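**Student:** First to last, the sequence lines map onto chains W and E.
Numbering-wise (the numbering used here), the first sequence opens with residue 419 and increments by one.
Numbering-wise (the numbering used here), the second sequence opens with residue 869 and increments by one.
No wet-lab data here; the hints were simulated from the structure.
It is possible that part of the hints are untrue.
Claimed, not checked - Short derived list, chain W residues pointing at chain E, Cβ under 8 Å:
hint: 1; residue: Val441
hint: 2; residue: Val442
hint: 3; residue: Gly493
hint: 4; residue: Val495
hint: 5; residue: Ser496
hint: 6; residue: Glu497
hint: 7; residue: Asp533
hint: 8; residue: Tyr537
hint: 9; residue: Ile539
hint: 10; residue: Asn540
Note that the structure is a prediction, hence the values are computed from the model and not measured.
Every residue gets a Cβ at the ideal spot worked out from N, C-alpha and C, and that includes glycine.
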Amino acid sequence: MITAGIDSGAKNVKAVIMKDGRVVGKAMAPAGLDTKAAAENVYNEALSAARIAKKDVRKVFITGAGRKGCDFAQGEVSEVSAAAKGIRFIMPNVRTVIDIGAEEGKAVRLSQDGDVVDYAINEKCAAGAGTFVEAVARALETDVDKMGDLYDRSTKEIDMNAQCAVFAESELVSLIHSQTAKADIARAVLNAIGDRVVSMMRRVGVEKDVAATGGMALNRGFIRAVEKELNITISVPADPQYVGAIGAAVAAAE
Amino acid sequence: MWENLNLKQIVEYAKDPYPSIRKWLKEKGKKAIGSTIADVPEEVIYAFGFLPVSLIGTDKPLKKAPSRLPDNGCSLARSNLELALSYEGDLFDGFVLPQVCDTTQHLSDIWRISFPGKYVESYLAPRQVDRPSARYWVKEEIERLIASLSSWSGRSVSDKALNDAIAIHNENKKILEEIYEIKKQNPGTMTNKQFFSMVKLAMQVDKGEFNKTLKSIKAGLKPKKGKNYTDVILVGITCDPPEVFDLFDEIKLNIVGDSLVTGSRYLQSIVAQNGNPVEALTERHTRNGFFSPIHDDVYKHFEEVKALYNATNAKAIIYVHIEFCESQEYDLPDLRRMIRQEGIPMHILDTEYQTVSLSHLRTRLQAFFESLKGGSL
Chain W
419 MITAGIDSGA KNVKAVIMKD GRVVGKAMAP AGLDTKAAAE NVYNEALSAA RIAKKDVRKV
479 FITGAGRKGC DFAQGEVSEV SAAAKGIRFI MPNVRTVIDI GAEEGKAVRL SQDGDVVDYA
539 INEKCAAGAG TFVEAVARAL ETDVDKMGDL YDRSTKEIDM NAQCAVFAES ELVSLIHSQT
599 AKADIARAVL NAIGDRVVSM MRRVGVEKDV AATGGMALNR GFIRAVEKEL NITISVPADP
659 QYVGAIGAAV AAAE
Chain E
869 MWENLNLKQI VEYAKDPYPS IRKWLKEKGK KAIGSTIADV PEEVIYAFGF LPVSLIGTDK
929 PLKKAPSRLP DNGCSLARSN LELALSYEGD LFDGFVLPQV CDTTQHLSDI WRISFPGKYV
989 ESYLAPRQVD RPSARYWVKE EIERLIASLS SWSGRSVSDK ALNDAIAIHN ENKKILEEIY
1049 EIKKQNPGTM TNKQFFSMVK LAMQVDKGEF NKTLKSIKAG LKPKKGKNYT DVILVGITCD
1109 PPEVFDLFDE IKLNIVGDSL VTGSRYLQSI VAQNGNPVEA LTERHTRNGF FSPIHDDVYK
1169 HFEEVKALYN ATNAKAIIYV HIEFCESQEY DLPDLRRMIR QEGIPMHILD TEYQTVSLSH
1229 LRTRLQAFFE SLKGGSL
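Next comes chain W alone, as it looks inside the complex (with noise of 0.2 Å):
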């Protein structure tokens, strides 16, 4: 059976062809404006890379902030849902898993069975979202994929206390006027980005294997930090950014 899943982020609109319970193609482009004509361009380009026509996939679901705009879609699930269907297919013994995106952050513990036990979401507070690491990557002048390379180069640990982005951005231009490190400015700032999400996995519960989906799963200084914090070991999956729409391909296939 061939099914599609896209997931239609606040920055990023991913899509993934599954046949067979395998990923046969994917496709990602910015959400821009038009949140609409940008899942249907990436579902073309991820049926293209997967030589697959439109006619023969079953289902096509959507999940993410704007699934609401698709509707072309014959279903739809929820991000929490999609996150933990995703990291289900992908790492089968994963319990607890963190979606980090650019505007929202979710922690989600699972059962054996891989059902949702308990999830939180903090979607008001950009202090534990991508978007404050790119506003960060700017103000340090450096691209956003160095900020992992810059927090293994950091020798002081600064303690960062603004829980909000703006105010942390405050915090952030009084650093570099008091001439501090670039690299212990990203340590600070990932791992107050680290804290927020560590707090809402204490909500949840933590329950190993534990796993990082979503944009911020690809910075390792983010994912140090939370593993610092609690003492665990994370796995990420290979193109953790797709995970939400394979959970949409998952559940379109169920």
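Knowing the structure of chain W, use the given hints to seat chain E on it.
**Tutor:** Okay, now just chain E, sitting in the frame of chain W:
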């Protein structure tokens, strides 16, 4: 004005009742008295010939209220103050403000200062109604309100006028309750939003007129069972903005019971028609359940919620939390813990009167019900 409305009109009027109230007052040459929820005996205001209007917030932007109530103040209290300060204040000749929680404790003073030209009265009914002194206190407070309205308006009110007002209000609640029963058993008959808009509008417009609409709607109802509904109960004080009900309808929830002041707590506040109106209104106050257990038994609220959940055979509880409502925030940790211990699925919906986007609420609610259907939570 409100005698012959259909369901679509009811939803529209409930969303913004004030243009119709303004027009009606002008046509009838009447005055309106606003009151915040939940204790004020609107029958008394009605008996004086005024239109009692329950103030249930606004979703319009806050401009002036934040200068009087802090950002971490109850969203409903701030929103009500804004409603009167910036948007609809001219419509009201006065306000009667109850003291039902810490936030509303002497909040009437802020209103009195903010509206120097208007009639502003407080209504201080007891919360611990099991005490023997409570009944005496309530009766005195009702009599004080009658004296205050009389002094302000230069009018007097007879027992007959009070009894007539009680009869009209009772009829209103009775018909609404009957419609609610039909809707609970037959969720395809009308949406949750339509029903709860009906209750909200009933709290804000002339009951004599609106009762005609309700009778006509009830007579014309064609009960429809509908398919794939999930029965839930709503626990809370109010459920706003009204678009929250759209989310419930979207995922096919059937509200089979509630503890809302803008729901069952209003419908169940029927007054005995025994010839002594002040005694009967006193009895109603002492009989009503109260939302907050502050200064009361903390288990009482839990027992009430659990009993409602069991009696309705609901599949889950949706707790509607108003942002920064002190009473709810005081109560919620215990309630959540006790409900979890019972193994009852509960979802907490964080609402705010100035909410502009419901997409986050949708995601949380959808995730909850997906999990519920998956067998966990």
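**Student:** Work down the list of hints and note, for each, if the structure agrees.
**Tutor:** Hints and how they fare:
no. : hint   : in the structure
1   : Val441 : violated, 22 Å
2   : Val442 : violated, 26 Å
3   : Gly493 : violated, 11 Å
4   : Val495 : holds, 7 Å
5   : Ser496 : holds, 4 Å
6   : Glu497 : holds, 6 Å
7   : Asp533 : holds, 4 Å
8   : Tyr537 : holds, 6 Å
9   : Ile539 : holds, 6 Å
10  : Asn540 : violated, 10 Å
Taken one by one, the earlier hints fail for this structure at numbers 1, 2, 3, 10, listed in ascending order.
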